[in-house]
Structure formats: structure tokens, C-alpha cells
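Under our numbering, the first residue of the sequence shown is numbered 1, with each subsequent residue one higher.
Heads up, a few of these hints could be off.
Straight-line C-alpha distance at most 16 Å; calculated EDC-like pairs for lysine to aspartate or glutamate [what the hints assert, rightly or not]:
| hint | residue 1 | residue 2 |
| --- | --- | --- |
| 1 | Lys431 | Glu420 |
| 2 | Lys422 | Glu271 |
| 3 | Lys69 | Asp193 |
Okay, the calculated beta carbon distance ranges per label pair [as the list claims (entries may be wrong)]:
| hint | residue 1 | residue 2 | range |
| --- | --- | --- | --- |
| 4 | Ala398 | Val293 | 52 to 62 Å |
| 5 | Leu401 | Ser275 | 21 to 31 Å |
| 6 | Gln326 | Ser39 | 29 to 39 Å |
| 7 | Leu154 | Met195 | 35 to 45 Å |
| 8 | Pro156 | Val285 | 17 to 27 Å |
| 9 | Asp328 | Gly273 | 26 to 36 Å |
| 10 | Leu91 | Gly436 | 32 to 42 Å |
| 11 | Ser39 | Thr92 | 50 to 60 Å |
| 12 | Leu170 | Leu38 | 20 to 30 Å |
No wet-lab data here; the hints were simulated from the structure. Positions of the beta carbon are idealized from the N, C-alpha and C atoms, including for glycine.
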Amino acid sequence: MLGSAILLSATMVALSGLLFGYSTAAIAGALQQIEVHLSLSLFEEQLLVASVPAACFIGAIAAGPATAKTGRRFTLIAAFCLAVIGNIICLTAPGYGLLVAARMLVGLAVGLSSMIAPMYGAEITPARWRGTVVASFQLAVTAGILLAYATPLLLPGEQSWSLILGLGLLPSLCGVAIVYLLPESPRWLLARDRMDDARVAAQRLGLHASLAEMMPAAHDDPRAALWTTIRRGSTISVLVLCSVLFILQNLSGIDGILYYAPRIFEQLGFEAGTSALVATFGLGVLNFLATVVALWLVDRAGRRPLMIFGSAVMVAGLGAVIASAQFDLPMLGLVGLGIYIVAFALSLGPLPYVLMSELFPSTIREAGIATASAMSWLFNMLVAFTFLSLVEAVGLSAVILLFLSMCAIALVIGILFVPETKGRPLEAIEKDVLGGVRLRRVGTS
1 MLGSAILLSA
11 TMVALSGLLF
21 GYSTAAIAGA
31 LQQIEVHLSL
41 SLFEEQLLVA
51 SVPAACFIGA
61 IAAGPATAKT
71 GRRFTLIAAF
81 CLAVIGNIIC
91 LTAPGYGLLV
101 AARMLVGLAV
111 GLSSMIAPMY
121 GAEITPARWR
131 GTVVASFQLA
141 VTAGILLAYA
151 TPLLLPGEQS
161 WSLILGLGLL
171 PSLCGVAIVY
181 LLPESPRWLL
191 ARDRMDDARV
201 AAQRLGLHAS
211 LAEMMPAAHD
221 DPRAALWTTI
231 RRGSTISVLV
241 LCSVLFILQN
251 LSGIDGILYY
261 APRIFEQLGF
271 EAGTSALVAT
281 FGLGVLNFLA
291 TVVALWLVDR
301 AGRRPLMIFG
311 SAVMVAGLGA
321 VIASAQFDLP
331 MLGLVGLGIY
341 IVAFALSLGP
351 LPYVLMSELF
361 PSTIREAGIA
371 TASAMSWLFN
381 MLVAFTFLSL
391 VEAVGLSAVI
401 LLFLSMCAIA
411 LVIGILFVPE
421 TKGRPLEAIE
431 KDVLGGVRLR
441 RVGTS
């Protein structure tokens with residue numbers, strides 16, 4: 001029973017990540033077709049790209065109150081249903097206004113699920129497997145990105161853009177089915193004094209032996225005001241750290257590369273069309289393979305070493321991209337972006353999701369994760385809406401230099417503040433946070 005429960009939990013998290021990755025990256029291979037078909041201006045292009053992260057921002061804000069009131073399971077099913085509707089509209093090849101609206105529905109679904117699925121997965125998975133299950137979200141994100149980059153190569157033609165965008169329907173439908181098979185989080189049920197339901201859910205999940213450990217976290221002042229809990233111990237530090245990590249995740253350059261990779265390769269000297277798409281697909285392959293390695297390492301090497309090593313290598317990779325742009329060396333740019341992608345997949349890709357699912361105290365977990373996720377989508381939208389304009393205004397090298405500086409800041413934060421939480425029960429981590437243990441030492445006391 002335990003094995004099947006872990007598999008269902010991992011599948012649920014993975015489908016949410018697959019929806020995230022495919023829905024956000026599919027625009028890269030479809031954008032030039034849409035630009036021609038609908039005669040879009042530069043502003044309209046960026047607005048279409050930014051519509052998904054803008055709606056994700058709204059979804060991330062709504063996720064906290066929604067999941068606190070109705071539960072993780074019901075809200076996640078609703079999110080997948082929204083994605084089903086949005087992707088069906090995309091498949092009809094609508095006009096610009098309806099296309100933006102459909103992409104916003106998908107974005108709302110992604111914003112909800114990207115916040116809820118890692119938290120839900122962390123709460124219904126034993127500590128030994130928690131890091132792997134939560135990190136599978138990022139693995140699935142990269143798998144979705146890879147599929148999104150492959151689809152334009154498999155579906156060539158000037159009118160294939162609606163199918164490229166609408167194929168997100170598949171993970172959406174599968175997500176509804178998988179979440180339906182899972183019970184509600186025992187921790188959420190305990191926090192609402194539903195002991196019998198929590199006992200049944202824990203039995204189905206193979207967590208019955210841990211039910212007693214969950215109870216203090218769930219019943220220790222369950223009606224405490226939000227601000228009272230935030231002021232306790234190191235909770236504010238946790239909120240700041242998780243928010244900053246998500247900001248840096250987006251400002252490190254991943255969103256510009258994710259959405260506009262074919263344009264970047266054209267700027268670096270690759271031929272437009274198939275050549276740029278093949279180079280983009282190559283990045284997707286590296287991203288996926290490196291995330292497989294990260295999934296294996298996160299519960300072995302630990303969170304902190306991966307954060308420090310990955311951030312340092314990201315700096316080196318982006319440095320190579322700048323040199324490529326300055327000296328007209330396209331292959332150096334491809335190698336540099338490849339190094340950057342691998343390092344990102346080992347560090348700033350999965351770790352913010354893992355850390356936010358572990359560090360927030362149970363009484364504010366929904367609100368804390370929603371805040372951190374909202375920060376992520378806000379800066380994702382900022383990059384999506386400004387990237388092409390910035391490149392046009394100051395050049396690709398200057399924009400990449402800005403991303404490099406963000407990676408350097410991530411390195412410093414990793415050294416000074418990121419704690420090590422591998423293998424620690426959520427309740428032990430929460431005890432450290434509420435007890436005022438210095439952030440860097442949380443999980444090791």
C-alpha cells in the first residue's frame with residue numbers, strides 16, 4: 001500500500017509539473033507562427049507570452065485561501081479542470097483576444113497547481129521520500145519543456161500553433177483522474193479536527209505510524225492568527241528566504257531562455273527556423289537529463305551543496321554566453337547555455353520548491369507558500385513582458401549580464417542562509433523554525 005501511495009503522490013506532483021512545463025514553454029515554438037498568422041506587434045507578442053505568468057500570479061495568490069478552505073485535493077482537481085477548458089479553446093485556433101483569455105485560464109491552473117502540488121506531495125509522503133517526490137515536480141517541468149520544444153519539430157507547418165498550445169490537454173485530463181484516487185492530506189484534516197478522516201487518509205497513504213507525530217503540529221494552537229505565527233521564531237526569515245529564492249529563480253534568466261530560446265539563438269548567430277529550434281530542443285534535453293540527476297542527488301548530496309555548486313556554475317555558463325555574443329562565436333553560446341541549464345536544473349530549478357514545502361510552519365503553510373509562489377510568477381511575468389524590449393534597447397549581452405549578477409547573488413545567499421533539511425521530519429523542521437533556530441542551522445539542531 002505504501003509503495004502505491006508514494007507512486008500516486010509522485011504521479012500527481014509530476015503531472016502538475018508536466019502541465020507547468022509544457023504550458024509555459026509551448027509558446028516558444030508557436031510564437032513566430034502566431035505572429036505571422038495574427039499579424040502581432042512586439043507589444044502583442046510579449047503580452048501573449050506574459051498572459052500565462054500573469055494568470056499564474058493570480059492563481060498563486062488564490063491558492064492559499066482556496067486550499068485552506070476546501071483542501072488540497074479539491075482545489076487541485078479544480079485547477080486541472082480549468083486547464084482542460086483553456087487547452088480545448090486553444091485547439092480551436094481562436095483569434096487574439098480569445099487566445100489570450102484561454103492562455104490565462106491555463107495560467108490560472110498552473111499557478112494553483114504549482115503551489116498546491118508540491119505542498120500536497122510533501123504532506124502525504126514519508127520523510128525518506130519527500131525530497132524525491134517534491135523534486136519530481138521540477139523533473140516533470142523539464143519533461144514538459146522538452147516535449148514543448150520537440151512538438152514544433154514533429155508538427156511543422158504554419159498552422160500547427162493551435163495544436164502545439166492545446167496538447168496541454170493531455171496532462172490536464174490525467175491530473176484530474178490521478179488526484180481523484182488520492183485522499184485528502186492527513187495534516188490538513190488534523191488541523192480541522194477531523195481525526196477519523198485523518199486516520200483513514202493516513203492508513204491509505206501508509207502514514208498511520210506517523211499520525212501521532214503530525215498531531216502536535218496540527219493541534220499546537222491551530223487557530224493562531226496569521227501574524228502571530230509569522231512573528232514566532234524564524235518564520236519571517238523563512239518567508240523572506242523562500243520569496244527571494246523564487247525571485248532569483250526567475251531573474252537568473254531561465255524565463256527569458258524558456259520563452260524566447262529560438263530568438264536568443266538567432267541573436268547568437270544560428271539560422272532562423274529549424275536550426276534555432278533544434279538548438280532549443282538540445283537545451284531541453286540537457287535540462288531534462290540534469291534534472292534526473294538532481295532528483296537522485298537532492299536526498300543524497302542535500303539541498304545546500306547543490307544550491308552553492310549550481311549557482312557558481314550558472315555564473316560561469318552565462319559568462320560564456322556573453323563572450324559568445326561579443327565575439328560572434330555561436331557554438332560557445334550554445335555550450336554556455338547548456339552549462340547554465342544543467343546547473344540551473346541542479347539548483348535554482350528544484351530547490352525553491354523543495355525548501356518552501358519543508359520550511360513553512362503548518363499553521364501558515366498555505367499562506368507562506370502562496371506568497372513565495374506569487375513572487376515567482378510576478379517576476380516571471382516581468383521577464384516575459386520585457387525581455388524582447390530589453391534586448392532591443394540594450395542588446396543581448398547586457399541582458400545576460402543582468403541575469404549573471406542574479407546568479408551571483410543566489411550563490412551568496414546559498415552560502416550564508418540556505419539550511420540543510422534532507423531526511424528531517426516536517427515536524428522537527430517546524431520545531432526549529434518556531435523555536436527561533438538561526439535559518440542557516442534549521443534542520444541540523
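Worksheet item: Checking against the hints above, which ones are violated?
Response: 2, 4, 7, 9, 10, 11
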